[in-house]
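Its first residue numbered 1, the sequence shown is counted upward by one per residue in my numbering.
Check the hints yourself; a few may be wrong.
Keeping only pairs whose Cα atoms sit at most 16 Å apart, straight-line, the calculated EDC-like set for lysine to aspartate or glutamate is [to be verified]: (1) K19 to E39; (2) K12 to D61; (3) K98 to E3; (4) K5 to E37; (5) K33 to E3; (6) K19 to E44; (7) K12 to E44; (8) K19 to E3; (9) K5 to D61; (10) K12 to E39; (11) K19 to E37.
Because the hints were derived from the structure by calculation, they are not lab data. Computed from a predicted structure; not experimentally measured.
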Amino acid sequence: MTERKQLVINGKRWTLAWKNRLPRAYGRTVYDKLRIELERGLPEDRTLATLIHEVLHVLSDDYRLALDHDTINRLEAGLFDFLATQGIDLAPLIYALKGEVKP
């Protein structure tokens with residue numbers, strides 16, 4: 001499967017940048033470039049949880065929630081578990097959709 005290259009979050013087009021190695025993290029948000037960096041090669045569930053984590057950072061910033069990292073970690077775990085338990089296919093968040101236009 002091909003890695004997804006973009007997501008729209010709050011009406012803004014964010015680039016997903018796949019890195020072979022990220023220091024001290026599985027993901028990182030670069031706000032001024034509208035880019036979310038994700039470590040390539042992780043198990044799918046870890047990658048999905050990491051993307052949810054980074055999206056929560058974006059939402060916290062956009063809505064001026066000032067959520068601390070511990071709160072985001074707990075929200076990530078709870079939201080990922082809830083969605084996965086419901087049988088919702090989260091794979092399209094990280095894999096290119098059929099016919100998706102490349103940036």
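Consistency of the hints with the structure:
1. K19 to E39: The hint holds at about 5 Å.
2. K12 to D61: holds (13 Å)
3. K98 to E3: holds (11 Å)
4. K5 to E37: holds (10 Å)
5. K33 to E3: violated (19 Å)
6. K19 to E44: holds (15 Å)
7. K12 to E44: Answer violated: K12 to E44 is near 25 Å, above 16 Å.
8. K19 to E3: Given pair K19, E3 holds - Cα atoms ~11 Å apart, limit 16 Å.
9. K5 to D61: violated (22 Å)
10. K12 to E39: violated (22 Å)
11. K19 to E37: The hint holds at about 7 Å.
Hint violations for this structure: numbers 5, 7, 9, 10, all remaining hints satisfied.
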